[in-house]
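Protein chains in written order, with numbering that gives the first Met the number 0: chain A, 0 to 694; chain B, 0 to 235.
Keep in mind the hints are simulated off the structure, nothing from the lab. Heads up, a few of these hints could be off.
Restricting the straight-line Cα-Cα distance to at most 35 Å, the calculated cross-link-like pairs of lysine-lysine (DSBU-like) are [what the hints assert, rightly or not]: (1) K493/A <-> K428/A; (2) K67/B <-> K245/A; (3) K671/A <-> K2/B; (4) K113/B <-> K601/A; (5) K127/A <-> K240/A; (6) K203/B <-> K601/A; (7) K671/A <-> K81/B; (8) K542/A <-> K690/A; (9) K67/B <-> K240/A; (10) K176/B <-> K127/A; (11) K414/A <-> K493/A; (12) K601/A <-> K202/B; (13) K2/B <-> K601/A; (14) K8/B <-> K660/A; (15) K73/A <-> K182/A; (16) K302/A <-> K6/A; (17) K590/A <-> K538/A; (18) K55/B <-> K81/B; (19) K81/B <-> K203/B; (20) K69/B <-> K671/A; (21) K601/A <-> K55/B; (22) K8/B <-> K67/B; (23) K2/B <-> K589/A; (24) K245/A <-> K69/B; (25) K671/A <-> K55/B; (26) K155/B <-> K8/B; (27) K671/A <-> K113/B; (28) K462/A <-> K493/A; (29) K8/B <-> K671/A; (30) K660/A <-> K113/B; (31) K67/B <-> K202/B; (32) K81/B <-> K590/A; (33) K546/A <-> K660/A; (34) K671/A <-> K67/B.
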Amino acid sequence: MQKDLAKVRNIGISAHIDSGKTTLTERVLFYTDRIHAIHEVRGKDGVGAKMDSMELEKERGITIQSAATYCSWKDHSINIIDTPGHVDFTIEVERALRVLDGAVLILCSVGGVQSQSITVNRQMTRYKVPRVVFINKCDRTGANPERVTTQVREKLGLNAVMMQIPIGLEGDLEGVIDLVKMKAIYFDGDNGEKIREEEIPANLLDDATVKREEMLDAVSMFSDELMEAILEGEPTEKMIKEAIRKGTLALELAPVFMGSAYKNRGVQCLLDAITMYMPNPMDIRNVALDLRNDEQELVLTSKSEDPLVCLAFKLEDGRYGQLTYIRIYQGHLKKGDTIINSRTGKKVKIGRLVRMHADEMEEIDESGAGDIVALFGVDCASGDTFTSSDISYSMSSMHVPNPVISLAIIPVDNKSQGNMSKALNRFTKEDPTFRTYVDHETNETIVSGMGELHLDVYIERMKREYGAEVKVGAPQVAYRETITQRAEFNYSHKKQTGGSGQFGRVGGYMEPLAEGEYEFVDNIVGGVIPREFISSCDKGFRKSLEKGALAEFPVNGVRCVINDGAAHAVDSSDIAFQLAAIGAFKEGYKKANPVLMEPIMKVAVEGPTEFQGGIMGSLNQRRGIIIGTLEEGEYTAVEAEVPLSEMFGYSTVLRSLTQGKAEFTMEFSDYKQVPRNVAENLIEDLRKKKKEQGK
Amino acid sequence: MLKEDLILKNPLRVLSPADQGKTEGPRMGLVMSRAGLGKTAILVQIALDSMLRGNKVLHVSIGQSLEKTKIWYDDIYWDIAKAGNLERAAEIQEELMSQRMIMTFNEESFGVAKLRERLRDLIEQNIFQPDCLLVDGFDCSISPEKVLAQMRDFAKGLNINIWFSAVCHRNDDRVSKSGVPAPCHEADALFDTIILLQPDAEKKCVALNIIKRDGETGGSRPSLTLDPSTLLILEN
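Next comes chain A alone, as it looks inside the complex (with noise of 0.2 Å):
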């Protein structure tokens, strides 16, 4: 273990699907001699690359759940974190981020800045993670890394300034000039391996010439050393290094490095520019709330030698067990060690601590402040805290976004049904925006997600890795009911049935509640309701919330204000009181003009500017709200608004329609109201559904 915590880095690699993330960690793991040969993410050797260790992963050539593994570079440790690139998978980037303390994006050199890199752009800002570029794939026809450093100032709003040009460019790229040492790279070998410092090739002096001063004007704002360095002559190197770290920490600078992975060319200079421009794990205020002070806010050291704070950012179901990634924040960690799980408050002691690369591991007797390390047979959920026992501290918690989509799953064979359920309690466990719940009504089990592709993924995975075989229904979009209209309530509840009977009378009215899901009012006067009859009305409000009147889907957004009503002596009881709300609740809600709310999904469609009228078309049809359209010379892109409902299969009616050139992605936005005519056939075929269920 690396002790000096300077020379530890903690690294994500973010960026677009298929530009190349994978292939790039595949090198950055053979040069750093963690491996010892290369294996493509399509190798035909069928071996695929290391981080894509899942089976599902090497199939499809996509990375699923980013796995971590540890590398050293040049008396450096740098743990690098490979991220997914598909927006459906965001929790994965989102977690991945909260831990790691600098990132590297990775751009295609030909499609440039796309709608997933602003995604993730925008996820590293909230996290507030500096970050470097890395334009990638410089060696196929088209690439213009100028252009894309372009289009990352104005797409990204980032300052990014270009460290290195390319020594040619597609089938001639060689290798690249390194604006700050004003020296030509290359690399040769048969893997790129060596590198060789030559002089500028004399074609390329001036434009490397004019590159390094507009490099220079803009590092120069982070330091007035540098600053009159350049004034009165040559700045040193030196100088020039410690500017540009300084600028990307404060992130206000994004220095853009570039080459092509596949082809070997400029990654061991993006291995220098981690260790000499990324943050180390002192120079990130982390910060936790102190649970026994009142969730006061404050800021962890980094010291090996305070008490222990780690986060638990990702757990696997591995060969031997659970297996859970953490990363340390404060303190240290050994083996043998009790810690705190401080949600639960249970005693845990560390029995294996290991490091992962991809998925195999080392193991390791400790580790310090800084550090990512996977524990093993540790029963925790992701997100959860394990502190000393002589705090009780929780990191902040992270942003989860509520699942849109779902799909009822039917196992096969009672074998499946067992296999299923261990498979789905791994998963919940696993991914936040995954859940699952049971509908008593069909007795189907619900999974739901953020994406079809989201729950196919884990249907394909529940088969490969739990042999659980099931039958999937069609997926339903999470809709809601909400009211528009304040509607007053005045319920009697009566029975009499022999014995004691039941009395609640309950009076108020409800009303839209702008922000949050539900409210309860209670401006009962003069004990008209009995006080221990109260939360017997909030519990029979709540109860009618789970299925609204108009079609049975959840209902959002009330506030539900009580205040008159009666109660009896002798009849009057908590179900009396529930069922008189369940009741009071119904009267208003038929008053109060409930709407059905739909799941909107922020759409953004690329491709060739050529199609840009059918993919508006398309849009327009399911009915999308056009937002805008951008133009780069031959490539548009068309960014909507559209219900979740009308985007099913959008990916089959795409790809003819623009003869697969064009692809697109989408995450959540927000809920808004079915306008009233698709409602209406959605609440019909609903009727029509139930009623067939009832035969």
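Use these hints to put chain B onto chain A, whose structure you have.
Just chain B now, kept in the frame of chain A:
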């Protein structure tokens, strides 16, 4: 304040006193100034006023990103809503957004022919039928008269109001008889309304010099300024 009051009290009403806020026959307007004085802010306020009156607006932004343009709208809308203490502001904003579409082009990609093609796509497929077209960031530097005349005919044909922004330069002293600076000095006859933004060093604000209004030049003009902090148009 209610939405209707906001429309009536909008300082932009002085630009066409005759119609009192109703949309009449297609007009062409121009906002000119040196760089960085607030042309986009004026165009966005013209757009928001039009949207509040129930019109659909197509905002063509040349050289500026979609995200940035959206931020302009959000910021200015909320400043207007706050200043006017607008009721149901969030709800109204949501309604307005469905009346707006933004098209962004980089400088090299933009052309009148292309814009015409895009508009035709929108209208023929019944995706978006604008009542008002704003073109922000149009390059007027090389004799723009011909292109502007084409745009005017084209907008007339579709019965769309159209507004342009253009940059003038301190070191170019060419100016039309009515006071329109280069590079639009020879195209002033094409516009019904022309606003020139001029910094007022004394009052430390930007004044809106209404050179032409409803096709008329000369005569007395109401005095409008831009609030330097919010960039909202104020009536003096």
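Now for the hints, and whether the structure bears them out:
Using a Cα cut-off of 35 Å, the hinted pair K493/A and K428/A is violated, with the two alpha carbons roughly 45 Å apart. Pair hint K67/B plus K245/A holds up; C-alpha atoms about 27 Å apart against a cutoff of 35 Å. Distance hint between K671/A and K2/B is fulfilled; the C-alpha atoms sit about 22 Å from each other, no more than 35 Å. Between K113/B and K601/A, the direct Cα distance comes to roughly 26 Å. Compliance with the 35 Å bound is thereby established for this hinted pair.
Under the criterion of a C-alpha separation no larger than 35 Å, the hint pairing K127/A with K240/A is consistent with the structure, at around 21 Å. Proposed proximity of K203/B and K601/A is contradicted: the alpha carbons are some 42 Å apart, above 35 Å. With a C-alpha separation of about 24 Å, the suggested pair K671/A and K81/B falls inside the 35 Å cut-off, and the hint holds. Annotation: proposed proximity of K542/A to K690/A holds, straight-line Cα distance about 24 Å (limit 35 Å).
Distance check on the hinted pair: K67/B and K240/A sit about 32 Å apart at the alpha-carbon level, within 35 Å; holds. Among the hinted pairs, K176/B with K127/A is inconsistent with the structure: their alpha-carbon atoms are about 55 Å apart, more than 35 Å. Under the criterion of a C-alpha separation no larger than 35 Å, the hint pairing K414/A with K493/A is inconsistent with the structure, at around 49 Å. For the hint pairing K601/A with K202/B, the CA-to-CA distance comes to about 44 Å; that exceeds 35 Å, so the pair is violated.
Restraint check for K2/B and K601/A: satisfied, since their Cα atoms lie roughly 28 Å apart, inside the 35 Å limit. Between K8/B and K660/A the alpha-carbon distance is near 50 Å, which puts this suggested pair outside the 35 Å criterion. The straight-line distance between the Cα atoms of K73/A and K182/A is roughly 20 Å, inside the 35 Å bound, and the hint therefore holds. For the proposed pair K302/A and K6/A, the alpha carbon gap of about 14 Å is at most 35 Å, so the pair holds.
For the proposed pair K590/A and K538/A, the alpha carbon gap of about 21 Å is at most 35 Å, so the pair holds. Distance check on the hinted pair: K55/B and K81/B sit about 23 Å apart at the alpha-carbon level, within 35 Å; holds. Distance hint between K81/B and K203/B is fulfilled; the C-alpha atoms sit about 23 Å from each other, no more than 35 Å. The suggested pairing of K69/B with K671/A holds, with an alpha-carbon distance near 20 Å, which does not exceed 35 Å.
Using a Cα cut-off of 35 Å, the hinted pair K601/A and K55/B holds, with the two alpha carbons roughly 21 Å apart. For the proposed pair K8/B and K67/B, the alpha carbon gap of about 28 Å is at most 35 Å, so the pair holds. Between K2/B and K589/A the alpha-carbon distance is near 30 Å, which keeps this suggested pair within the 35 Å criterion. A threshold of 35 Å between alpha carbons decides the hint, and for K245/A with K69/B the separation of about 31 Å falls inside it, so the pair holds.
For the hint pairing K671/A with K55/B, the CA-to-CA distance comes to about 21 Å; that is within 35 Å, so the pair holds. Pair hint K155/B plus K8/B holds up; C-alpha atoms about 28 Å apart against a cutoff of 35 Å. The suggested pairing of K671/A with K113/B holds, with an alpha-carbon distance near 34 Å, which does not exceed 35 Å. A distance of roughly 52 Å separates the Cα atoms of K462/A and K493/A; the hinted pair therefore is violated under the 35 Å criterion.
The straight-line distance between the Cα atoms of K8/B and K671/A is roughly 31 Å, inside the 35 Å bound, and the hint therefore holds. Taking the CA atoms of K660/A and K113/B, the gap is near 21 Å; set against the 35 Å cutoff, the hint holds. For the hint pairing K67/B with K202/B, the CA-to-CA distance comes to about 29 Å; that is within 35 Å, so the pair holds. For the given pair, K81/B sits about 33 Å from K590/A by alpha-carbon distance, which is consistent with the 35 Å threshold.
Between K546/A and K660/A the CA atoms are separated by roughly 43 Å; this puts the pair beyond 35 Å, and the hint is violated. In summary, the hint linking K671/A to K67/B is supported, as the alpha carbons are separated by about 24 Å, within the 35 Å threshold.
The structure fails hints 1, 6, 10, 11, 12, 14, 28 and 33 (numbered hints given earlier, in ascending order).
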